[in-house]
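Could you build all of it, start to finish, from the sequences and the hints given here?
Here is what each chain is made of, one letter per residue.
Protein chains: 8
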Amino acid sequence: MSKIQDGSMSVDGAIDKMKYLPFKDLGHTKVDNHRELRQGYPEVIYCQGKTTEQIVNIVDSMIGRGQNVLGTRAAKETFEAVARNHPEARYHELSRTLTIKHKEYSSPATYISIVSAGTSDIPVADEAAVTAEFYDNKVERFYDIGVAGIHRIQEHIEKIGGARVIIVVAGMEGALPSVIGGLVDKPLTAVPTSVGYGAAFSGITALFGMLTSCASGLSVVNIDNGFGAGYLASMINKL
Amino acid sequence: MSKIQDGSMSVDGAIDKMKYLPFKDLGHTKVDNHRELRQGYPEVIYCQGKTTEQIVNIVDSMIGRGQNVLGTRAAKETFEAVARNHPEARYHELSRTLTIKHKEYSSPATYISIVSAGTSDIPVADEAAVTAEFYDNKVERFYDIGVAGIHRIQEHIEKIGGARVIIVVAGMEGALPSVIGGLVDKPLTAVPTSVGYGAAFSGITALFGMLTSCASGLSVVNIDNGFGAGYLASMINKL
Amino acid sequence: MSKIQDGSMSVDGAIDKMKYLPFKDLGHTKVDNHRELRQGYPEVIYCQGKTTEQIVNIVDSMIGRGQNVLGTRAAKETFEAVARNHPEARYHELSRTLTIKHKEYSSPATYISIVSAGTSDIPVADEAAVTAEFYDNKVERFYDIGVAGIHRIQEHIEKIGGARVIIVVAGMEGALPSVIGGLVDKPLTAVPTSVGYGAAFSGITALFGMLTSCASGLSVVNIDNGFGAGYLASMINKL
Amino acid sequence: MSKIQDGSMSVDGAIDKMKYLPFKDLGHTKVDNHRELRQGYPEVIYCQGKTTEQIVNIVDSMIGRGQNVLGTRAAKETFEAVARNHPEARYHELSRTLTIKHKEYSSPATYISIVSAGTSDIPVADEAAVTAEFYDNKVERFYDIGVAGIHRIQEHIEKIGGARVIIVVAGMEGALPSVIGGLVDKPLTAVPTSVGYGAAFSGITALFGMLTSCASGLSVVNIDNGFGAGYLASMINKL
Amino acid sequence: MSKIQDGSMSVDGAIDKMKYLPFKDLGHTKVDNHRELRQGYPEVIYCQGKTTEQIVNIVDSMIGRGQNVLGTRAAKETFEAVARNHPEARYHELSRTLTIKHKEYSSPATYISIVSAGTSDIPVADEAAVTAEFYDNKVERFYDIGVAGIHRIQEHIEKIGGARVIIVVAGMEGALPSVIGGLVDKPLTAVPTSVGYGAAFSGITALFGMLTSCASGLSVVNIDNGFGAGYLASMINKL
Amino acid sequence: MSKIQDGSMSVDGAIDKMKYLPFKDLGHTKVDNHRELRQGYPEVIYCQGKTTEQIVNIVDSMIGRGQNVLGTRAAKETFEAVARNHPEARYHELSRTLTIKHKEYSSPATYISIVSAGTSDIPVADEAAVTAEFYDNKVERFYDIGVAGIHRIQEHIEKIGGARVIIVVAGMEGALPSVIGGLVDKPLTAVPTSVGYGAAFSGITALFGMLTSCASGLSVVNIDNGFGAGYLASMINKL
Amino acid sequence: MSKIQDGSMSVDGAIDKMKYLPFKDLGHTKVDNHRELRQGYPEVIYCQGKTTEQIVNIVDSMIGRGQNVLGTRAAKETFEAVARNHPEARYHELSRTLTIKHKEYSSPATYISIVSAGTSDIPVADEAAVTAEFYDNKVERFYDIGVAGIHRIQEHIEKIGGARVIIVVAGMEGALPSVIGGLVDKPLTAVPTSVGYGAAFSGITALFGMLTSCASGLSVVNIDNGFGAGYLASMINKL
Amino acid sequence: MSKIQDGSMSVDGAIDKMKYLPFKDLGHTKVDNHRELRQGYPEVIYCQGKTTEQIVNIVDSMIGRGQNVLGTRAAKETFEAVARNHPEARYHELSRTLTIKHKEYSSPATYISIVSAGTSDIPVADEAAVTAEFYDNKVERFYDIGVAGIHRIQEHIEKIGGARVIIVVAGMEGALPSVIGGLVDKPLTAVPTSVGYGAAFSGITALFGMLTSCASGLSVVNIDNGFGAGYLASMINKL
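These protein sequence lines map, in sequence, to chains W, D, U, A, F, E, P and B.
Per this note's numbering, the first sequence starts with residue 1, numbered consecutively.
Per this note's numbering, the second sequence starts with residue 1, numbered consecutively.
Per this note's numbering, the third sequence starts with residue 1, numbered consecutively.
Per this note's numbering, the fourth sequence starts with residue 1, numbered consecutively.
Per this note's numbering, the fifth sequence starts with residue 1, numbered consecutively.
Per this note's numbering, the sixth sequence starts with residue 1, numbered consecutively.
Per this note's numbering, the seventh sequence starts with residue 1, numbered consecutively.
Per this note's numbering, the eighth sequence starts with residue 1, numbered consecutively.
Heads up, some of the hints might be wrong.
Subject to a maximum C-alpha distance of 30 angstroms in a straight line, what follows is the list of computed BS3-like cross-link-like pairs (lysine-lysine) [said to hold, decoys possible]:
1) W/103 to W/76
2) E/238 to F/138
3) B/138 to B/159
4) W/76 to W/159
5) B/238 to B/101
6) P/238 to B/138
7) A/138 to A/159
8) W/159 to D/238
9) A/76 to U/238
10) F/76 to W/76
11) W/159 to W/138
12) B/159 to P/238
13) F/159 to E/238
14) B/238 to P/159
15) E/76 to B/76
Source of the hints: derived by calculation from the structure; they are not laboratory data.
Spelled out as structure tokens, the structure:
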């Protein structure tokens, strides 16, 4: 059975290298979970930087143990390779996420609102949405709500604020969480994205803007970390 | 009646300046709430950068409207001036916070764990604690839990993890939230502090470390923002 | 007659040093104008870093030449010293600005809107306002308009947008210009302020946020540069 | 009909994905306008990061509604695909901009001067010029005016200063706006470019230099934001 | 005989250029040692940025002088070219390192522990391990020890701490050295890696986190510098 | 008995506050050790940010338990207060360190070389020296060895290199460790200092310079962290 | 006749675009000189970002006016295209520079020393050398002089210091200028290079290190700016 | 005889501490020269961070050896203490420099031009001027030459350019060296100053702007380093 390789190596070298790896059997302890989470939902694979073969091996091993699978930042071809063994796999193209569900999680009656500012923020927003849905949360998406078009915020604010917890995704100056946060009184997780150019500094400006927001009940996750926001929102929604 | 002044001006000049301020009556709209929060709990004053006279005026006005009062970053002498009119005021020396409570909030059965790493992080941790208690949450404090003394973490981890939501406060490298977050499965709000020197960069290293933490269910607020963490935790605890 | 000194020297040493200064007579070429502006309105003194004696000398020289005088970042005591020779001088306490007007400028029928977010942004906003008024523009002030209180924006937006040019002043995440800019179609000058702590980075976060704003017709001046915004707005208002 | 896709996806996957997009019909609300501007001139497409197919769809939809079209940062092949349906489309090679004009805007008698420093700054300068011309402003281009060749500035300064509003584009140390700004008394919009190497830091040095310029009447837009400067100048020129 | 070329040139041009190089004979002084080390173990080649031909020439020259060879950051094809002349060469795929050993070094009885956090940190950790083994140190690898899975740390801590010196490799927030350093009392060299995204800033966050660690006996080397850590640990292990 | 206070509070308030501290008895667990070290030598107090009263209490408690005491960054008056109870206390003026020794540690025959570049680096260098001597290491000081005076390096290099481990302290460009490291083959701990102005950036330039040094066997501690270097060197010297 | 194009365009589009360029005839004013230098030696072309066709046109025009030509950062194929028209052209492979000389400059009897630290710094060092030689200065190259091998510095220091002016090129920590500068008393121009990884930050660490050097008579040019150093050294050498 | 102390210590402690200092006699080797210069003109004291007593001791020792003395960043009271022993000492108030001259240096016929932009840059410009004059160079000062007043540059450019070497001092955006450098063909040393606010970043913006200047023959020294520029200019002027 294959083992975990460094993504920068060729597929050909992978089998050989396995002999020297000081790891235990993959089926047992070394599935590389998304951001190493081990404490709660161990079914997540962060696909970026792994070869298709590695991911296929990890998925096979997880399914073999009866786990559900959530793969983030997965290329289309990765999904297709996984789907050959597991035709029940689904691909979520907007966020480049793959999911395989065999068992259900608890499903609260409340919902999570996910708001994003611009078209380019949608991949991150949808990674949050797919993550939250994977854990059987109800999700409401609001993907065309920009700060510069405040009438669209007001049109939807009642529905946005009706959620138990809100995720707001924005790049560039990252002002949307401040505006939404000033209109609702629910926990709000802000996700800066690397969208923008020049003084956007690949998401740093949005990140700092969100951290200094004057709205209350707002906290922030890493740039482009849609998974982290979806996971946290699911955790809060199920409390 | 007095109005809001810029903190850098003398108390003597304050009355005069009031004539030119384009503000409405203080009792009506211009109480300067902590980080401008207007949507939920409007009883918070961010005292830093305001004169004692200004704060006394704001408190009088709030009490006159029947509000509770939470003043953060308040000097001892500010408290003493406030307490002359309102002997029921309390001062929380660790966090330099003042509170006046006339009415109760909803009080959930669950509690909030507040963990901090070093002695110098306590003022921020206690600002979070006093904020959460002001809104009638039960709080458990764990103030001597450092990453370098992992046996202490384990001694307390069951009690820490028994909370509905956890706040972890740390300066320097800010590693404590990662460690706690790997051991519990509750929403965790990380608060970086400006404690440290050299490469600590006044809290930036802790901030970035927390944002890139591999623990799940973790989000971050601004450097030294104990109030923000306490407020968010209260919001989640009362869902 | 006295000359320009380095502000870090004592007033006592100033006279002596003058002998060695390779400058021409103060009355002729060396009035140190605000940010060295020489091309248009040469009546501005940036007072910070100059001694009271220096400023008094410069003002005397300017008045002697029949000029109006605008002094920014002037301490109260500086004003009082100036007012002893020139009782017609006025002090604007909010922005710490002093003005002496003998002659009028052109006064357009249109007005300039100046919007600011929080109490701590008022000194910068009012520096812009006093500057614009010094050049005989009509100014409308909107000083209690925060992003987190969007209903206040809407209440005033028609009046704000009725101006020929708009100045928006904000610290922390600096989101207000994006929101205002999305609701009006007038040239908008954004002024970041150094208000905030932690990830506000003394105005840098606000500055970068404003530069990456998705609102159109928006440009930015330096952190805390109320004078620059007021001067530019006056220039546009008089076109 | 097709919808907006994430630019990182293949053209093949675009049609499929459309089924899951929670957007309204493209012809109605989701044309992705340049920097989300919605308040004034809604005819702008920021082409970078969109597939040719997406842009063709958006253009078709806009023309169908009778709008003019301005597409910035458009590749030659994008233009060619658009021109197959709309032979009246024009391509501006210097700035990689495409335009389709069916209706005229107001055309003021005054003109806009656009000055740039080096050969490499021309694409940004011409994006500003084409934008201003799209909105039917007269534009004068001065594209070979460097700080190190001050005689060229003086040769042209009268014509430059005769404009109603001036745009100055410069990379590297970004000193040109300071020099021009010291010689004219018109509103001046400075555009830093990402031209340069080493300590130019992709435009940051030029950006900061322009923000701290001692010239008055000067404001700044984001790095390489020729469109923003052209749009603002048009707005001022038409006041 | 060939000489050192700039890696950005074609192999074809290399011979010609040699005529103009002011270098002495390669076999004598110009073998480009890893980070220019000249004082102790001169057998190291930093392969990145050198052509295969250059590396083959350097290896031939070193072997001709009877030296051992350690080549770091070597591509597979580089190794294969070297192995054609030197079939005793070994390739270490995890760290992309090549070694040729003819003579032994002193071999202490004590061992070096090398701990790493995530799968993506393994290449750097193994560069340290192969370096230490090249100098005939015993090495114990602990490659699946994450901060978020503290039970795995405890399971192995006795063995980790039994070493004479410890290397800890971590990316993202870089918290692992703090945790390990709090449990052992041996010299600990921390190696930040460029693993992570967003606020990980290509290893800078891990670097600063390690520098501000509250654990004692800890020092830090450059980002991704596995060789440096392995070399230092070997030096300490042999004292 | 007194407890730990926040250093920003008055001595008067210290006793009162103690009642509310959720700490265990100071004599038992809450002595605030230097950078929280708990694993080896628990006798260190980081005095900066603590009141004299706090330090006196901590020292009394430590002496009561029979511990030695090392207090770093201690003001002269702190020492004097401590010395009233413990006349055997010594003050090390160069590094502002206080020590009380009752029991001896192991004392190896080898010595530690401590080299520093400029006069202003001496306080940090001597903190390292006093720390190493506190743990009964022999120390050789070389305090006037600058990069710009390379003849002085050569005069002393044999003695410097005769140590078992070397500490090099430098500010400004921090080049000294590279030069020393190129001449010796011993483990070298580099300590950047915050000495310098302008592009020295309070020690960051020295820190980065040391991390990128091409000398082998070199590692780095935090800016101004003389204690950390001395502690690590002691650890290595006693292996 | 052809004109200057933006380098990002295809060669095919170049002729067409020319029609719209608001430039004067190339033979007259628009030869794009290296870093826009216009005041002294106008024969320099910065080739990076220009197409081969553009460079050929510029060279033809310059030769037509009887000028010498120095082309920096020129690809081999660019040189070959130039050499078809001008067989007297020479290519300097180490620095990727092309030169055509028809007329001589003044040639002082003194020489310029050019010292570099590592193999990867040679391209920058040789750009300086070729530039100085182009202007008919005598140059002595010292290309294998590293800080970590101080004996090599001493072996050559007399010859290095015999120059009228010295250029020192170094990447990584950039310490070499400090060491050389401490041994000679001649004007020294330091050139940081972008060589290094991690905390080298693409030359920024070397740049800052050189700026804070404690050696006197030292000044600094931009990262990788070998031309600038060679030009300045030539200027000083000819005084 | 007294020795070198750390400037943060009291004068009272200085004598005692001397016993433990591992220094040789002050009269012999330990005069702390300005930026450690030892190779050429050893008569410079960087006074900042030294006590008056220390400086008096150093001056006495230098005069005893027959040296001239140049003390930079010297407070007035330091000068007065020095002048009690050495009435021939002179104080240069603009730059806060003290000089004692007993012997002459070579005095070339050519002169050095020193140009500065604003009033606040004068202290740095005059430190350069006094340094150059100390070494018996002729100096021409041009202290009121701003980029925004280009007519003043032209009025003086012939005289400025007549120098053998030029120093240009500027803060804020630091554009003046680019402009001067484009008009003259002499070696130009640019000195950024820490003058400015907001995006001036204490001289960093000026520093980067100067490094990326498109003018040739220009190099840069550290922020506020007037001494370094004056020393280098003297060196070049005397070649």
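Here is what the structure says about each hint:
This hinted pair checks out: residue 103 of chain W and residue 76 of chain W have alpha carbons roughly 24 angstroms apart, not beyond 30 angstroms. Distance check on the hinted pair: residue 238 of chain E and residue 138 of chain F sit about 20 angstroms apart at the alpha-carbon level, within 30 angstroms; holds. Taking the CA atoms of residue 138 of chain B and residue 159 of chain B, the gap is near 13 angstroms; set against the 30 angstroms cutoff, the hint holds. Between residue 76 of chain W and residue 159 of chain W the alpha-carbon distance is near 33 angstroms, which puts this suggested pair outside the 30 angstroms criterion.
The straight-line distance between the Cα atoms of residue 238 of chain B and residue 101 of chain B is roughly 19 angstroms, inside the 30 angstroms bound, and the hint therefore holds. In summary, the hint linking residue 238 of chain P to residue 138 of chain B is supported, as the alpha carbons are separated by about 20 angstroms, within the 30 angstroms threshold. This hinted pair checks out: residue 138 of chain A and residue 159 of chain A have alpha carbons roughly 13 angstroms apart, not beyond 30 angstroms. Of the supplied pair hints, the one linking residue 159 of chain W and residue 238 of chain D holds, its CA atoms being roughly 20 angstroms apart against a limit of 30 angstroms.
The straight-line distance between the Cα atoms of residue 76 of chain A and residue 238 of chain U is roughly 42 angstroms, outside the 30 angstroms bound, and the hint therefore fails. With a CA separation close to 28 angstroms, the supplied pair residue 76 of chain F and residue 76 of chain W stays within the 30 angstroms bound. With a C-alpha separation of about 13 angstroms, the suggested pairing of residue 159 of chain W with residue 138 of chain W holds against the 30 angstroms cut-off. For the given pair, residue 159 of chain B sits about 20 angstroms from residue 238 of chain P by alpha-carbon distance, which is consistent with the 30 angstroms threshold.
With a C-alpha separation of about 20 angstroms, the suggested pairing of residue 159 of chain F with residue 238 of chain E holds against the 30 angstroms cut-off. Proposed proximity of residue 238 of chain B and residue 159 of chain P is supported: the alpha carbons are some 20 angstroms apart, at most 30 angstroms. For the given pair, residue 76 of chain E sits about 28 angstroms from residue 76 of chain B by alpha-carbon distance, which is consistent with the 30 angstroms threshold.
Of the numbered hints stated above, those contradicted by the structure are hints 4 and 9, listed in ascending order.
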